[in-house]
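Below, each chain spelled out in residue letters.
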Amino acid sequence: MEGGVALGKRTSELCAPGAFALLLLLALPAAADEVPPGLHFEAAVRFGVSFQSFPDAEYAGEAPLDLTATPSGWMPV
Amino acid sequence: MDAGLRVSHLLFVGAYFSYAPTTVSPGFVDVVSPCDYSCYARVFHFGLEVQLHPVSLSLGRGVSIDPWIGLGIGYEVAQERYDSEAYCTPGGSYCDVPHTGALQGPEWFNGQVGVAVAFDRFSIGPYFSASYGDYTSDAGQSFMSGVAHWWLDVGLRFTVTP
Numbered sequence: 000m001e002g003g004v005a006l007g008k009r010t011s012e013l014c015a016p017g018a019f020a021l022l023l024l025l026a027l028p029a030a031a032d033e034v035p036p037g038l039h040f041e042a043a044v045r046f047g048v049s050f051q052s053f054p055d056a057e058y059a060g061e062a063p064l065d066l067t068a069t070p071s072g073w074m075p076v
Numbered sequence: 000m001d002a003g004l005r006v007s008h009l010l011f012v013g014a015y016f017s018y019a020p021t022t023v024s025p026g027f028v029d030v031v032s033p034c035d036y037s038c039y040a041r042v043f044h045f046g047l048e049v050q051l052h053p054v055s056l057s058l059g060r061g062v063s064i065d066p067w068i069g070l071g072i073g074y075e076v077a078q079e080r081y082d083s084e085a086y087c088t089p090g091g092s093y094c095d096v097p098h099t100g101a102l103q104g105p106e107w108f109n110g111q112v113g114v115a116v117a118f119d120r121f122s123i124g125p126y127f128s129a130s131y132g133d134y135t136s137d138a139g140q141s142f143m144s145g146v147a148h149w150w151l152d153v154g155l156r157f158t159v160t161p
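Same order as they appear, the protein sequences are chains A and B.
Position 3 of the first sequence, counting from 1, maps to 2 under numbering that gives the first Met the number 0, and the rest follow consecutively.
Position 36 of the second sequence, counting from 1, maps to 35 under numbering that gives the first Met the number 0, and the rest follow consecutively.
Do not take every clue at face value.
As the list claims (entries may be wrong) - Listed next, with one range per pair, are the computed distances between beta-carbon atoms: (1) B/Met143 with A/Leu38: 45 to 55 Å; (2) A/His39 with B/Ser136: 36 to 46 Å; (3) B/Gln140 with A/Gly37: 43 to 53 Å; (4) B/Phe142 with A/Leu38: 34 to 44 Å; (5) A/Pro36 with B/Phe142: 41 to 51 Å; (6) A/His39 with B/Phe45: 14 to 24 Å; (7) B/Phe45 with A/Leu38: 20 to 30 Å; (8) B/Ser136 with A/Pro36: 44 to 54 Å; (9) B/Arg80 with A/Gly37: 42 to 52 Å; (10) B/Gln78 with A/Pro36: 42 to 52 Å; (11) B/Ala101 with A/Gly37: 37 to 47 Å; (12) B/Ile123 with A/His39: 15 to 25 Å; (13) B/Trp107 with A/Pro36: 29 to 39 Å; (14) A/Leu38 with B/Leu151: 27 to 37 Å.
In short, the hints are calculated from the structure, not lab data.
The structure presented is a predicted model; accordingly, all values stated were derived computationally and were not measured.
Note that CB positions come from ideal geometry on N, CA and C, so glycine has one too.
Please work from the sequences and hints to get the whole structure.
In structure tokens, the structure reads:
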């Protein structure tokens, strides 16, 4: 990636510990059972960190981002 | 979060949704945003995905190693709000007023790879994903051309079959 620079950092993929707990509660009673063969529902929760990068060097920090240098709502002076 | 149907041991078809509070790296504050002032941002991703689970290596006692790869396509919305009342860009050409934005656009590609330790009805394991998309508008205003960007994710994934 040319000029890739981390611009944003997500501190958590999903900040909902309650969702994790809910899935755990769903899983534990059934943990001893085998998954039935064939089609069945599956759900997942992810926790992690993410980093954003812009492959175009123009947006990699050498020049202001077009979209934020003059964003809507900013006032010329 | 993922939800969908495990068509077989080999294939999962479903939808994904993610929410994340976001910060802007300090080195970008001068050129990107006044996020060193009062700033609020969050990112949503949602779309459809398929996952392939090519092999399952049994360890006995209902435990197995389940490597997988996935591919998805979707949409991204990055909302931001700058509450600063007096911030000017370097050079002073523009000053912001309290500003709300919603960068958004298609997420063309979302590639994922992971490995799970699977118990009968649940599994847990690390994953890595890379997604490529374009920001095509901000708060309803279209850009002349999309702003391409990547997201690289790493973390833990927990699955359950209720």
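Verification of the supplied hints:
1. B/Met143 with A/Leu38: 45 to 55 Å: holds (46 Å)
2. A/His39 with B/Ser136: 36 to 46 Å: About 39 Å separates the Cβ atoms of A/His39 and B/Ser136, which means 36 to 46 Å holds.
3. B/Gln140 with A/Gly37: 43 to 53 Å: Roughly 48 Å apart at Cβ, these two residues keep to the hinted range, so it holds.
4. B/Phe142 with A/Leu38: 34 to 44 Å: At 42 Å between Cβs, range holds.
5. A/Pro36 with B/Phe142: 41 to 51 Å: Given a distance of about 49 Å, which is inside 41 to 51 Å, the answer is holds.
6. A/His39 with B/Phe45: 14 to 24 Å: holds (23 Å)
7. B/Phe45 with A/Leu38: 20 to 30 Å: holds (23 Å)
8. B/Ser136 with A/Pro36: 44 to 54 Å: For A/Pro36 against B/Ser136, whose Cβ atoms are near 46 Å apart, the range 44 to 54 Å holds.
9. B/Arg80 with A/Gly37: 42 to 52 Å: Given range 42 to 52 Å: holds, Cβ gap about 47 Å.
10. B/Gln78 with A/Pro36: 42 to 52 Å: Holds - the Cβ-Cβ distance for B/Gln78 and A/Pro36, about 43 Å, lies within 42 to 52 Å.
11. B/Ala101 with A/Gly37: 37 to 47 Å: holds (42 Å)
12. B/Ile123 with A/His39: 15 to 25 Å: holds (18 Å)
13. B/Trp107 with A/Pro36: 29 to 39 Å: Because 35 Å falls inside the window, the suggested range holds.
14. A/Leu38 with B/Leu151: 27 to 37 Å: Since the Cβ atoms of A/Leu38 and B/Leu151 sit about 33 Å apart, the hinted range of 27 to 37 Å holds.
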